[in-house]
Amino acid sequence: MTTRADHTPPLSLLSERLLRLVFGFGEAPMALLQRLLGMRRLPWAFLAPNLVVFGIFTFLPIVINVYYAVTGGAQLLPRDRPFVGAENFGDLLVCRNYFDPTTCRRDLFWFGVWNTLTFVLIQVSLMVFFSLVTALVLNRKVLGQSFFRAVFFYPVLLSPVVVALIWKWILQRQGLLNAGLAGAGLTQVNWLLDAHWAFFWTVFVSIWAHMGFYTLILLAGLQAIPTDIYEAAAMDSAGPWRTFRRITLPLLAPNLAVVLVLALIRAVQVFDEVYVLTGGGPGSATTYMVQYIYQTAFAQEVRQYGLAAAASLMLAAILFGLTLVQLRLTREKAK
Amino acid sequence: MSRLRAILFATRGRGRLDWTDWISYLYLVLGLILMFGPVLWLVLSSFKTEAGLIEFPPRLLPYEQAHIAVAGYDKPLPLYEITAGEMKGKKLAEIRRIGLQTQMVDPAQPEQVVRIPTQERRPVRELRFAWGNYTELMGRFSFGTYLWNSVFITVVATLITLLINSMAAFALSKYSFRGRDATFLLILATLMIPPTIVLVPNFFIAASLGLVNSLWGVILPGVATPTGVFLLRQYMLTIPDDLIDAARMDHASEWRIYWRIILPLTAPALAVLAIFSVMWRWNEFLWPMVVLNKSETFTLQLVLNSFQGELTTSWNYLLAMTVLTLLPVTIIFALLQRHITQGIASSGVK
Chain A
17 MTTRADHTPP LSLLSERLLR LVFGFGEAPM ALLQRLLGMR RLPWAFLAPN LVVFGIFTFL
77 PIVINVYYAV TGGAQLLPRD RPFVGAENFG DLLVCRNYFD PTTCRRDLFW FGVWNTLTFV
137 LIQVSLMVFF SLVTALVLNR KVLGQSFFRA VFFYPVLLSP VVVALIWKWI LQRQGLLNAG
197 LAGAGLTQVN WLLDAHWAFF WTVFVSIWAH MGFYTLILLA GLQAIPTDIY EAAAMDSAGP
257 WRTFRRITLP LLAPNLAVVL VLALIRAVQV FDEVYVLTGG GPGSATTYMV QYIYQTAFAQ
317 EVRQYGLAAA ASLMLAAILF GLTLVQLRLT REKAK
Chain B
5 MSRLRAILFA TRGRGRLDWT DWISYLYLVL GLILMFGPVL WLVLSSFKTE AGLIEFPPRL
65 LPYEQAHIAV AGYDKPLPLY EITAGEMKGK KLAEIRRIGL QTQMVDPAQP EQVVRIPTQE
125 RRPVRELRFA WGNYTELMGR FSFGTYLWNS VFITVVATLI TLLINSMAAF ALSKYSFRGR
185 DATFLLILAT LMIPPTIVLV PNFFIAASLG LVNSLWGVIL PGVATPTGVF LLRQYMLTIP
245 DDLIDAARMD HASEWRIYWR IILPLTAPAL AVLAIFSVMW RWNEFLWPMV VLNKSETFTL
305 QLVLNSFQGE LTTSWNYLLA MTVLTLLPVT IIFALLQRHI TQGIASSGVK
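Chains A and B, in that order, give the protein sequences.
For the first sequence, our numbering begins at 17 and goes up steadily by one.
For the second sequence, our numbering begins at 5 and goes up steadily by one.
Just chain B, same shape as in the assembly (with noise of 0.2 Å):
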C-alpha cells in the first residue's frame, strides 16, 4: 500500500505531497478537461441524432426515445413511463396522441387500449449512438470527393515535398560551389514571406498557369519549403563524407549516391517532414479557399466552412464530418506522438 502511495504520489525527492505538487497536479487535470474534453464533447455529440442536439439542456451521451414492437402494429412505438394513476410504474407504448389524451398499449397485452394524460407519462430513453450521421454522409453530401480531393493533395504534396527538398537539401550539404551559402540563405529568407501576404499575386500567377480550380493548384505553391530544406540539410551534414567518397570510387552517379545512399540515412529527418507535410496539407484553409472556388474540387476543410456557413445547417451531419476529419490526424498523433513532439522541439517550426 504504501508502495502504490508512493508511485502514485510521486514528488520532487522529498516524499511527501506538498502544496505545489496538488496545484501541479489540479492545473493539469483543469487542463486536460479543457484541453480534451471540447474534442470528447464533440464526438459524443456526432453520435446523436438532430432531435437529440437541439434538446437543452444536452445530455452527455446520446439518449434517445425507446421503441418497440408491439404485436398488431407495423412500426414499433414509442415506448413511456407512467408517472401517475393506476398504471404508475409501467411501461406502456403509445399508439396515438390526441391533444392532451394519449391512446397507449402495455406491450405485453397489445389488445388492451389505456387512455393516459400527456402529463401522466415520460418517455423512456436509451443509449443508442445516431451511426447514421456517418453512413449517411456518403450518398447525401458526395463526401467521397471531398475526401479523395483531401487526401490526393497531401499525399502528393508530401511526396513532392520530401524529393524536392532532400534533393536541394544534398546539394547545398554535399557539395561546395559557389554561391552554396548564399542560396541557403535565400531559400531561409522565404520565412520572411508567409502565404497570407501574397495572395493576390499568387492567385494570378495560379490563374495564368490554368492551377485555378484544380487540386494542383493547392498542391504546387508549397511544395518547396524553407523549414523542409533547412530541417534536412542539418541532418544530412552529419552524414560523414567519406561514404560519398568510397562510392564514387565504385563509379556511382551522384543521383545514385544520393538516391542510394543519403537518403536512405536521412530517413529520420525525412519522417518528421513527412509528418509535418502531411498536417500541413491536410490542415491547410486560406490558400485552397482562395484557388479552388467549384463544390467539386472543396477540400475536407473548405466543405466544412461552407456547410457551416450555411443557414439551415444539419449540425448532426457537420459534426459527424468534422469528427471524420480530425481523425487521421489523431491516429497519426496517437501513433507518432514522440516523433512529432521532439521534431518540433528540436527545430522549432511547425
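Chain A extracted, bound-state conformation (with noise of 0.2 Å):
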C-alpha cells in the first residue's frame, strides 16, 4: 500500500527529511483542527479552501456583474459607479433593424452577435460532422491507429496564441499556402484581409484546433459499442449504409448530443484564436462577443465596465441554457 518513509533506508538525512516533511504535512495543525471542529464539522475544513475560492472568483462576481450592468461611467470601484438602472441593457438592444448593425446604437454589439451566430451554425456543423467521419475511421481496424488518433488530438493541446501563429505564418501574403497558389499558377489571395476569407479560416482554425476532442469523444463512444450487433446484422447481410443508420448511429447518439453541446458551448465563447488570428477584422468581420466585451471592459481609451457586464450577462443567459441541457444529457448518459 503507502511507501512508509521508515522502511525505505534513506539515501542521505537530506532526503530523509524531505520524505518527513513530504509525508507530515499539515499534519500537527491539521490535527489540532479536528479536536476543535469535532469529526461533524470536519468535513468543512477539507472542503473550506476550494468553497472560499469558488465563492470569490465565481459566485461573488456573478452579483457584481448584475451591479456592474445597472451601474455606469468609467470607474472601476463599485461605490464610484452612477445607477442608471437598466440603460445599459437598453444601449445594448436599441436597434432600428435587427437585421443591419449599421442601425444600432452599438452596432459593433451586433456585429458581435451575428458574427457569433454565423460562427456557430458554420463552426459547430462542421465540427460536429468532421470529428464523426473522424471516429467513424479511426474505429476501423486501421493500420497505426493508436498514431493517427494521436496525430488528430495534437493540435487539441496547443495554446490558442500557438495555433494562430501557426496559420498565420501560413496564411500571411508572402506565406505557404500563396506559394502553392502561385506554383499552381493561381492569383494568390491576402487571405486574412478579406472579410469573407477572414471569416473562413476562423472556422476552419478553430476546427483544426478542437476537433481531435470531439474525435476522442466519439472515439470512445463507437468503441463502446459491442461488436456482436454488427456481426448480427452482418448475417442478415445488412449493408454499410443500414447499418451505419440503424446500428452505429441510434447507439452514438448520447455521445454525438454531448459533443453538439460542449461544441455549442466552446463555439458560442470563441475568442484567443481569433483574437491572435485576426484581431477581429478586417474592420469587424470575425469580432465576436467575447471579444465585444473584452474590448469594451478593457482595451479601449474609456473603459465601459457596465456594457461590458450587461453585455456578458446576456451571453451568460445563453450558455446557461446550453450548460442545463448538457448536464441532463450527461446524466441522461451515466444511467
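Please keep in mind that the hints were generated in silico from the structure rather than gathered at the bench.
None of the values given here were measured: they were computed from a predicted structure.
Mixed in with the good hints, there may be bad ones.
[As the list claims (entries may be wrong)] Pairwise CB distance ranges, derived in the manner of DEER restraints:
1. E314/B x L30/A: 27 to 37 Å
2. N206/A x Q69/B: 55 to 65 Å
3. T203/A x T317/B: 22 to 32 Å
4. A55/B x T203/A: 24 to 34 Å
[Stated by the list, open to error] Chain A is nowhere near these chain B residues, computed Cβ spacing over 10 Å in every case:
5. E98
6. T231
7. T242
8. W259
[To be verified] Some chain A residues close to chain B (C-beta under 8 Å, calculated; not the full set):
9. T74
10. P117
11. P171
12. S175
13. W185
14. L209
15. L232
16. T339
C-beta: ideal position from N, C-alpha, C; glycine also.
Need the complex rebuilt from these two chains, each delivered in its own frame; the hints are there to steer you.
Written as C-alpha cells, this is what we have:
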C-alpha cells in the first residue's frame, strides 16, 4: 500500500527529512483542527479552501456583475459608479433593424452577435460532421490507429496563441498557401485581409484546433458499441449504410448529443485563436461576442465596464441554457 | 512477402483491400498532412534567417547562401556558381559588386580576380540552421523572464489545484454530513459560469486584493475547478471504506487518512488532473491578458501575442519563440499520450 518513509533506507539525511516533510505535511495543525472542530464539522474544513476560491472568484462575481451592469461611468470602484438602471441593456438593444447592425446604437455589439451566430451555426455543424467522420475512420481496424489518433488530437493541446501563429504564418501574403497557389498558376489572395476569407479561416482554424477532442469522445462511444451487434447485422446481410443508420447512429446518439452541446458552448465563447489570428478584423468581420466584451471593458480609452457586464450577462443567459441541456444529457448518458 | 502484405493491408477480416479501406487511408494521410504539416512548417521555418523567411516562393528547408574563407580576405566571401561564359560550372567567391558587374575570385587561386556579369552566376546554397533565432532570444527579449513566469504559474497553480480539489473530493466522497449533496451540486453548478462571462467583476476583485500585475492574480481564480472535484470524487468513491475504518482503529487522524491513505490510492486520477491543469495553465490567455499589464509579468502566451501585434515583427524570433512555447506541451503529449486521451475519453472534459 502506501510507501512509508521509515521502511525505505534513507539515501541521505536530507532526503529523509524531505520525505518526513512531505509525508508529515499538515499533520500537526490538522490534528489540532480536528480536535477543535470535532468530527461532525471536519468535512467543512476539507471543503473550505475550495469553497472560498469558488465564493470569491465565481459566485461573488455574478452578484458584482449584475451591479456593474446596472451602473454607468468608467470607474472600476463600485461606490464611484452611478446607478443607471437598465440603461446599459437598453443601450445595447436599441436598433432600428436588428438584421442590420449599422442601424444599432452599439453597432459593434450587434456585429458581434451576428458574427457569433453565423460562426456557431457553421463551425459546430462542420465540427460535429468532421469529428464523426474521423472517429468512424479511426474506429476501423486501420494500421497505426493509435498513431493517427494522436495526430488528430495533437492540436487540441496547443495553446490558442500558438495555433493562431502557426496559421498566420501559413496564411500571410508571402506564406506557404500563396506560394502553393502561385506554383499552380492561380492568383494569390490576402487571406486575412479579405472579410469573407478571414471569416472562413477563423472557422477552419478553430475546427483544426479542437476537432481532436470531439473525435476522442465519439471514438470512445464507438468502441463501447458491442461488436456482436455488428456480427448479427452482417449475418442478416445488412449493407454498410444500413448498418450505420440503424445501429451505429442510434447507439452513438448520446455521445453525439454531448459533443454537440459541448461544441456549442465553446463556439459561443470563441475568442483566443481568432483574436490573435485576425484581431477581429478586417473591420469587424471576425469580431465575436467575447471579444466585444473584452474590448469594451479592457482595451479602450474609456473603459465601459457597465456595458461589458451587461453584454456578458446576455452571453451568460445563452450559456446557462446550453449548460442545463449538457448536464441533463450527461446524466442520461450516465444512467 | 504475402505476410508483409497481410500486415500492411490489414482489413476487417476480408483479406483484400476494399475501396472503403482505400478511402480510409486516403483520409488519414490527408489528415496527417493537414494536422501535422502546419506544425512541421512552423518548426522548419523557425530555423531560417530573416532573409531566408522573406524568400518567395519559400523553400522547405532552411537553405542559405554559402560563404567560403579565401586567403587574403578578412571575412568569408559569398560563393556563386557561374552559369555562362568560359568559367561556366566553376564556383567563385564574390569580392565586390559594381553595378551589374562583379569582381570574383576562385578560392583555389586567390590572387587572380575575374569580372563576371551578375546575370551569369547563381548563388550556391547550403543547408544551414539558424540557431541564432533561438540563442539570441535569451539576451535580446528577456525570454527567460517570460519562461519563468509561465513555469511558475503552471507549477504553483497545478500543485494548489491538486491539493485543494483532492481535499474537497475527499470530504465529498468519504464523509456523510448534512449539505453534502447540495455542496457537490453547487460546485458542479460553477460549470455554468465560464470565466469569460465574469471578466469585469473578477478584474475588480483581483484589483481589490492587489493581485493585478501579480502572477498570483493569474493563479488563484482558477485553482478550484469543478472538473477536478468531479474527477477526483468519482475516483475516490471506488476506494473501499474498510481501509479508512482500519486506520481509525489505529487512531490515525483524519488528515493522516487523507494524506497517507486516500491520496496515494488516487494517484491515477491525480495524474490526469495534473496533466489537465498543466495544459490549462500553460495555454491560458484571456484572463492573464486582463490581469497582467506590465511586460515583465507577461507569460509566454502574452508575449507571443504582443510581439506578433507589433508593426515590425521579426518573424524569425517570433517563430522560434512559438516553437519553444509548444515544445513542453509536445513533450508531455509524446510521453503521456495514452493517459491524456484516456482521461479525456472517460471524463469528457478538457
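Cross-check of the supplied hints:
1. E314/B x L30/A: 27 to 37 Å: violated, 47 Å
2. N206/A x Q69/B: 55 to 65 Å: Violated, at about 29 Å.
3. T203/A x T317/B: 22 to 32 Å: holds, 26 Å
4. A55/B x T203/A: 24 to 34 Å: Roughly 26 Å apart at Cβ, these two residues keep to the hinted range, so it holds.
5. E98: E98/B is indeed farther than 10 Å from all Cβ atoms of chain A, at 26 Å.
6. T231: holds, 12 Å
7. T242: About 15 Å separates T242/B from the closest Cβ of chain A, which puts it past 10 Å; holds.
8. W259: violated, 3 Å
9. T74: holds, 5 Å
10. P117: Interface hint status for P117/A: violated (21 Å vs cutoff 8 Å).
11. P171: holds, 6 Å
12. S175: It holds, given that the least Cβ distance between S175/A and chain B is near 3 Å, below 8 Å.
13. W185: Hint holds; W185/A Cβ to chain B Cβ min 6 Å, cut 8 Å.
14. L209: Hint violated; L209/A Cβ to chain B Cβ min 15 Å, cut 8 Å.
15. L232: holds, 5 Å
16. T339: holds, 4 Å
Consistency note: the structure conflicts with the earlier hints numbered 1, 2, 8, 10, 14.
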